[in-house]
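Going down the list, the sequences are from chains A and B. Going by the numbering used here, 295 is the number at position 295 of the first sequence; the sequence numbering is gapless. Going by the numbering used here, 502 is the number at position 187 of the second sequence; the sequence numbering is gapless.
These are calculated hints, taken from the structure and not from any lab test. Beta carbons are placed, not taken as given, at the ideal position from N, Cα and C, and that holds for glycine. Mixed in with the good hints, there may be bad ones.
[As the list claims (entries may be wrong)] Straight-line distance between alpha carbons at most 16 Å, and here's what the computed EDC-like set of lysine to aspartate or glutamate pairs gives:
id : chain 1 : residue 1 : chain 2 : residue 2
1  : B       : K404      : B       : E382
2  : B       : K486      : B       : D452
3  : B       : K486      : B       : D505
4  : B       : K516      : B       : E502
5  : B       : K516      : A       : E299
6  : B       : K442      : A       : D306
[Unchecked claim] Each pair of labels, with its calculated beta carbon distance range:
id : chain 1 : residue 1 : chain 2 : residue 2 : range
7  : A       : E260      : B       : G658      : 47 to 53 Å
8  : A       : P227      : B       : N664      : 17 to 23 Å
9  : B       : D412      : A       : R279      : 53 to 59 Å
10 : A       : A28       : B       : G659      : 50 to 56 Å
11 : A       : P227      : B       : A552      : 29 to 35 Å
12 : A       : Q282      : B       : E430      : 54 to 60 Å
13 : A       : E260      : B       : H435      : 38 to 44 Å
14 : B       : P569      : A       : S35       : 53 to 59 Å
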Amino acid sequence: MRNCLDEGMLQGYIDGELSAASMDEAAAHIAACLSCADAAREAENEMASFTAAFAHEASVNVPTERLRDHIEAAIDQRQLAVATPAPSSFNRLCGALTALLTLTPQRAAAFASLALVITLAVLFAAARPDKQTPEATGEEGGGNEIAAVAPALENQNSTATETTPPFANAAPEQSVSPAIVSSGGATIVKASVNKPRGVRRSTNTTPSARGRETLTTTTTTAPKLLPGEGSYLEAIASLTKAIDAGGDATLRPSVRSEYERNLAVVDQAILTTRRNALRNPQDTGAREFLLSAYQTKVELLNTVADQTQLATLGR
Amino acid sequence: MQRKSLIISLVLLLACAPWTLVAAAARDEDENPGGEITRTVAASSDVVVSACLEAGDVEVRGWDRPEVRVHTDDAGKLELQGGAESPAKRVDVIVADSDDGAFTSGECAGTGSLELDVPHGATVVLKVRSGDVEIADVAEARVETLSGDIQARNITKGVEVSSISGTVFLKNSSGRVSLRSISGDVEVSDVRMSDAGDSFKAKSVSGDVNLDRITHARVEASSVSGDVSINGALARAGSYNIKSTSGDVTMTLPADSSFRINARVFVNGDIITDFPIKQTSASPVTPVSPVTPVSPVAPVNSSGSVTPVAPVAPVAPVSPVNSAEHAHNLRETGARLTGSYGGGDAELNLSSFNGTVHLRKKEK
Numbered sequence: 001m002r003n004c005l006d007e008g009m010l011q012g013y014i015d016g017e018l019s020a021a022s023m024d025e026a027a028a029h030i031a032a033c034l035s036c037a038d039a040a041r042e043a044e045n046e047m048a049s050f051t052a053a054f055a056h057e058a059s060v061n062v063p064t065e066r067l068r069d070h071i072e073a074a075i076d077q078r079q080l081a082v083a084t085p086a087p088s089s090f091n092r093l094c095g096a097l098t099a100l101l102t103l104t105p106q107r108a109a110a111f112a113s114l115a116l117v118i119t120l121a122v123l124f125a126a127a128r129p130d131k132q133t134p135e136a137t138g139e140e141g142g143g144n145e146i147a148a149v150a151p152a153l154e155n156q157n158s159t160a161t162e163t164t165p166p167f168a169n170a171a172p173e174q175s176v177s178p179a180i181v182s183s184g185g186a187t188i189v190k191a192s193v194n195k196p197r198g199v200r201r202s203t204n205t206t207p208s209a210r211g212r213e214t215l216t217t218t219t220t221t222a223p224k225l226l227p228g229e230g231s232y233l234e235a236i237a238s239l240t241k242a243i244d245a246g247g248d249a250t251l252r253p254s255v256r257s258e259y260e261r262n263l264a265v266v267d268q269a270i271l272t273t274r275r276n277a278l279r280n281p282q283d284t285g286a287r288e289f290l291l292s293a294y295q296t297k298v299e300l301l302n303t304v305a306d307q308t309q310l311a312t313l314g315r
Numbered sequence: 316m317q318r319k320s321l322i323i324s325l326v327l328l329l330a331c332a333p334w335t336l337v338a339a340a341a342r343d344e345d346e347n348p349g350g351e352i353t354r355t356v357a358a359s360s361d362v363v364v365s366a367c368l369e370a371g372d373v374e375v376r377g378w379d380r381p382e383v384r385v386h387t388d389d390a391g392k393l394e395l396q397g398g399a400e401s402p403a404k405r406v407d408v409i410v411a412d413s414d415d416g417a418f419t420s421g422e423c424a425g426t427g428s429l430e431l432d433v434p435h436g437a438t439v440v441l442k443v444r445s446g447d448v449e450i451a452d453v454a455e456a457r458v459e460t461l462s463g464d465i466q467a468r469n470i471t472k473g474v475e476v477s478s479i480s481g482t483v484f485l486k487n488s489s490g491r492v493s494l495r496s497i498s499g500d501v502e503v504s505d506v507r508m509s510d511a512g513d514s515f516k517a518k519s520v521s522g523d524v525n526l527d528r529i530t531h532a533r534v535e536a537s538s539v540s541g542d543v544s545i546n547g548a549l550a551r552a553g554s555y556n557i558k559s560t561s562g563d564v565t566m567t568l569p570a571d572s573s574f575r576i577n578a579r580v581f582v583n584g585d586i587i588t589d590f591p592i593k594q595t596s597a598s599p600v601t602p603v604s605p606v607t608p609v610s611p612v613a614p615v616n617s618s619g620s621v622t623p624v625a626p627v628a629p630v631a632p633v634s635p636v637n638s639a640e641h642a643h644n645l646r647e648t649g650a651r652l653t654g655s656y657g658g659g660d661a662e663l664n665l666s667s668f669n670g671t672v673h674l675r676k677k678e679k
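Isolated chain A (complex conformation) (with noise of 0.2 Å):
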């Protein structure tokens, strides 16, 4: 592939919908083209960014925040068995030696000079990679605790390393939520490293950043905003913040059930439709039904802000 992939392409490819074949062969144009690799970053940033400013819709449900924390838990319970992983050999050895000892008491003597000599042995075998393992001294919090971010997109032009924020269900909301409402200026965040919340697709990472494991301040690039999308997201905004001021009490289980539900549609609704309006920038049909959907969504906060003042005047 000699010319730079196109918008689709590009799109396709970060979206994960290529073939394998197709997919192989974008990743490695973009390892070796410097002008798509930008470009894949820049795309990757935007896309995160508009998931993160619906991942408040998809996060409110219960069980997805429950799911989230038994992964957490799992990813922290991996990384301490990662951190130590001599002590279960050390301890089977030192299990069968006791065992040893409980049957011929005898020999404990005889025996404990060949254990300490094993024991020292096993030890030393065990401290030398742990310094190789960066989890390990992650686990430490000596300052380290960095060399268990996701690998991240590097712009190699910079002293400093980018990187893209998490994708999907990773986002942090607080961190990405700004960058959604401001038009056109870009956020500074802290790449979260004590709690990454969710694992990066693969498909997500351009080629040329897998492998490197470097952090420092993650920058956010907000999103380019097609036009009439900036008026849409603050009105959103605002009325997400009046309907979440009501507090859950104001609806009633099963509307509030219903509402998430048709929160979650429309949302996929303008993910869906924006993508297209993003690889299509001059069909005006495709702007219009992303523009629609936005007004939709508009309209079901309005009638739920409505009805939350309603139960609120009635308390």
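Using the hints provided, position chain B relative to the given structure of chain A.
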């Protein structure tokens, strides 16, 4: 002296008896031991009647009397606030849950089912958080429910209703129409304009929108994930904007219809038409074989096969061509179809982002 006192007592008793009976009758109308309450107030023919409830079904009927009557058999307390005017121009129906409950206009904390009789020319404004609403034979209806169906019929001047999780029905009405349901369907039949400027709008997020015999000149209908269908004759010079994001759009028209069409599908859908459209633009065209059967399937050419349309310049509208090609049972993928049929009186804008657009010919 005793006789005189007895006579006076009898006279007094006889004089008071009718009033005692009248008072007893009035109380019976207002309240009875079973908890039923009825309130009536004189009202103008175009009175505005409003009510707001936390929960309870509401039934509203138009009648010929110049008064508003409200009845409930399960609300704790009921009051009609009509202001100083008589007959009243505006009546607020206030419901409280218990006898000692305070009445506050504008609050929606009361619970109870209501039956309202109002003048035919009345405008009825209802907000019900949980409950079904039926409304008939009035001039205007503005209804909001959070969870509950809304049924309206024989409304003469205008309807504006919305529901979050209920279905919206509208039958045999006229005037301006705006119907919205979040997760319920919108079902409409036999609705007409009363003024030339009257518009018709129907919208749902995850429900279907089904419109039958709508004669408004401006019709907008949409759904995000549901299907949208319209069945019936087109208004002369009418404008129809019908869209669904992930559902299908279906328009079923009489064979003698006359329209210009601009149909779009964006991702995976098809455009399927029974009408031989005189095209001005169709792109990109993906001839599909075999065509999904569309009922009725009429042969196009002498061989009876489907005539795929040759690709025209992509996306950009093309000026009318002299050698017009006809799309009949055309099936396109991710494309647009622009053209006309008959004299081209009405304008159809049909689009589905990820669904199929059908233009069907109505069987006689």
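>> If you test the structure against every hint from before, which numbers come out violated?
In response: Of the numbered hints, all hold.
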